[in-house]
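Peer 1: Residues per chain are reported as follows:
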Amino acid sequence: MSERNSAPDFLKIKNAMRHFQTPEGSLVKALDGINLTIAQSEFITLLGPSGCGKTTLLNIIAGFERLDSGKILLDNSPLLELPAHKRPVNTVFQSYALFPHLNIGDNVGYGLDIHGVAKQERNKRVAEALEMVGLQGVEKRRPTQLSGGQQQRVALARAIVNRPKMLLLDEPLSALDRNLRMKMQIELKNLQAELGICFLFVTHDQEEALTMSDRIVVLNGGKVEQVGTPDEIYHRPASRFVSEFIGESNIFSGTVSRCENGLALVNADGSEIVCQSQQLRVGQPVSLLLRPEHFQLVAGSPASGTSSQAMIQARLQQSVFIGRDHQLHCQMANGQPISALIRSAMAAVQPGQAIELHYDPAAVHVIPAAAQQSADEEAA
Amino acid sequence: MKSFSRQQKQLVLLLAPATLFLGIFFIGPLLIMAVYSFLEPGLYGGVEWNFYHWNYGRVLGWADGFYEEFDLVYLEILARSAGLALATTLLTLLVCYPAAFWISRMSTRGKALCLFLITLPFFSSMIIRLYAWILILRDSGFANQILDALGLISEPLGLMYSSTAVVIGMIYIFVPFMFLPLYSSVEKIDGKLIQASQDLGAAPLTTFRKVILPLTLPGVIAGSVLVFIPSLGNFVVPSMLGGAKVVMIGNLVEQQFLYARNWPFGATLSMLMIVSMLVIVSFYLFKVMKNQPQS
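Taken in order, these protein sequences are the chains called A and B. Okay, so the first sequence: first residue is 1 according to this note's numbering, each after it adds one. Okay, so the second sequence: first residue is 1001 according to this note's numbering, each after it adds one.
Simulated from the structure, these hints should not be mistaken for lab results. A hint or two may mislead.
[To be verified] A few chain B positions that, by computed beta-carbon distances, are all more than 10 angstroms from chain A:
1) Tyr1044
2) Arg1080
3) Val1211
[Said to hold, decoys possible] Computed from the model, here is a short list of chain A residues facing chain B with C-beta under 10 angstroms:
4) Arg158
5) Lys165
6) Leu168
7) Leu191
[Unchecked claim] Derived DEER-like restraints, expressed as beta-carbon distance ranges:
8) A:Leu80 - B:Gly1243: 21 to 31 angstroms
9) B:Thr1108 - A:Gln136: 37 to 47 angstroms
10) A:Leu180 - B:Thr1019: 14 to 24 angstroms
11) A:Gly148 - B:Gly1110: 46 to 56 angstroms
12) B:Lys1188 - A:Gln296: 25 to 35 angstroms
13) B:Leu1152 - A:Thr144: 25 to 35 angstroms
14) A:Ala193 - B:Arg1006: 18 to 28 angstroms
15) B:Gly1110 - A:Val28: 18 to 28 angstroms
16) A:Pro23 - B:Leu1020: 31 to 41 angstroms
17) B:Leu1020 - A:Asp205: 51 to 61 angstroms
18) B:Lys1188 - A:Ala39: 40 to 50 angstroms
The beta carbon of each residue, even a glycine, is placed where N, CA and C say it ideally should be.
Please construct the entire structure, taking both the sequences and the accompanying hints into account.
Peer 2: The structure is reproduced here in structure tokens:
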């Protein structure tokens, strides 16, 4: 839709720092040296637990909060010098923040009225924006007469009607029920593609982030843990924090005991895990990630041939039916719990039974050590 | 026999005490006053039971030219009272609006403390507090001393016994009546709405006009009415701080009842005051509501 080339460095955040003073007098780093570059027509998600700084960053871009130090450039011009009402960005608030004293038409037309858009043009654009979010002919109603989902759409229409260069969304779906939320996720993604503008979406819901984003920025303690596509974030997490925060994970920590033919054998507290890696050296401490869906179940039978090493012996503790799959909660010989997702048809095992969980060594992800160390420091 | 629903019975029971109280102690006296205003004043106080419209004639422009004389001074006093009450209302609003905002952003403890401080004057007698104002405002008072010491004035301002003193006193007395309703509506404003307005391009003044003012309007209306009505009829403040120079309608009514012993004329002045209050307040409400067709 955009005729210009999608600039890869549309929004540049350089070394953003923000501290807060807690009532007890200690200093909290809400943003601790954030560097980020966002492209012009990207759907980008800031993901992290509460207190990670994602909403602070959004508020700073919107102009509701200031930065202690650092720079932000939007479309090559400094953003921080502008007051909130002069910034070419619009926000969709978590609580929607619709004006209760105005009807829907006046809510959506608020920005256009401020900018003195002629009445005819204004009404046309309001109707278009409402149509875009799937709400026609509600201009005369009051916000309180609409359902939560409808109010959400009005808030969206009120923001996009101004044709911002960038749309900021602050956990906009968190108040909706699950079905509506999933529907809105798809609609938001489509709307973003249609408008061709950058959506900066803040959420603590990793599923939401994976569904919608072009790229995800995982934040923790005011720092960027990882920036990547949903696929990269899920399959190749850069740190232990990311692998544990996104999806379910089984993490094995140990030292490399043997390397051959591009395979490395890791001794993790008594059990051996095989992974495909050229970089690992014998004696090196590592953490390995295996997602629950990477396991295949072989019940009790003796291991056969080549795959004999790429498996984990465990005892089934509990098997939970969750639809298409069964979730198996098992325990390894060394006591470490392990979770596996097995097709229901294949999961005919009883609790207490010894099982073998087979995996492909190529599916094992080696969590980079440096990032892991810093994550451990954070946790300590 | 018609039977009443449970709800209707409850309604009657709940409303009975208030209805009885207001009926006996408010509507009754009001009716007595309305009737008295059309009676002939007795020679030594009290009333003669004859229909007598000259009371109104004295104020509004007809007179028998023998016992009762038309005098424009009553209408002047009524107009001046309305003017002073209006000034008091506007100035109290100006004082309270920023304060309400400032306090609504404080911590819970700060809010509680400030609300307590606002209501603190109620703990002592109004008369004593007005005497304190005399100490401040008189020619040898604190205000003049300070201004003199700062070299801003060379002779006393003559604040006492002027309209200024009366308005200052009334602002002081009526600030809590404006502040409390205003504060309750200011505090309810969701900060996100102000952010949303900024976000959509509104400069601070536009945000105030288009979002903050309409949302706090119920508080502004309630506060203005609560200040305007009692300040129009107030007679304590003008008699203490205005002296004989600033007579307000309340003082005039007081004089008629207590000193001139002309009850019918006092009743007439009261009725005229009530009518002008009703006219001004309904005009105000009508104006305000017309600009806010919603809610």
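Peer 1: None of the hints should be skipped; say for each whether it holds.
Peer 2: Here is what the structure says about each hint:
Chain A leaves B:Tyr1044 outside its interface by the beta-carbon criterion, the shortest separation being 60 angstroms against a cut-off of 10 angstroms. A cut-off of 10 angstroms between C-beta atoms confirms that B:Arg1080 is not in contact with chain A; the least separation is 37 angstroms. The Cβ of B:Val1211 sits about 6 angstroms from the closest Cβ of chain A, inside the 10 angstroms cut-off, so the non-interface label is violated. Hint status for A:Arg158: holds, given a least beta-carbon distance of 7 angstroms to chain B, under 10 angstroms.
The closest approach between the C-beta of A:Lys165 and any C-beta of chain B is roughly 13 angstroms, which is over the 10 angstroms cut-off, so the hint fails. With a cut of 10 angstroms, the hint placing A:Leu168 at the interface with chain B holds, because the nearest CB-to-CB distance is about 8 angstroms. Proximity of A:Leu191 to chain B is violated relative to the hint, the smallest CB-CB distance being about 18 angstroms (cut-off 10 angstroms). At roughly 59 angstroms, the beta-carbon separation of A:Leu80 and B:Gly1243 lies outside the given 21 to 31 angstroms, and the hint is violated.
Our hint of 37 to 47 angstroms for B:Thr1108 and A:Gln136 holds, since their Cβ atoms are close to 45 angstroms apart. Against the hinted window of 14 to 24 angstroms, the Cβ-Cβ separation of A:Leu180 and B:Thr1019 comes to about 49 angstroms, which falls outside the hint. Checked against the hint of 46 to 56 angstroms, the pair A:Gly148 and B:Gly1110 fails, with Cβ atoms roughly 34 angstroms apart. Restraint check, B:Lys1188 to A:Gln296: a C-beta distance of roughly 59 angstroms breaks the suggested window 25 to 35 angstroms.
The beta-carbon spacing between B:Leu1152 and A:Thr144, approximately 54 angstroms, falls outside the hinted interval of 25 to 35 angstroms. For A:Ala193 paired with B:Arg1006, a C-beta distance near 59 angstroms fails the hint of 18 to 28 angstroms. The hint said 18 to 28 angstroms for the Cβ distance between B:Gly1110 and A:Val28, and at roughly 22 angstroms that hint holds. For the pair A:Pro23 and B:Leu1020, the supplied restraint of 31 to 41 angstroms is violated, since their beta-carbon distance comes to about 52 angstroms.
Taking the beta carbon of each, B:Leu1020 and A:Asp205 are about 59 angstroms apart, inside 51 to 61 angstroms as hinted. Checking the proposed 40 to 50 angstroms range against B:Lys1188 and A:Ala39 shows it holds: the Cβ atoms sit about 41 angstroms from each other.
The structure does not agree with the numbered hints 3, 5, 7, 8, 10, 11, 12, 13, 14, 16 stated previously, though it agrees with the rest.
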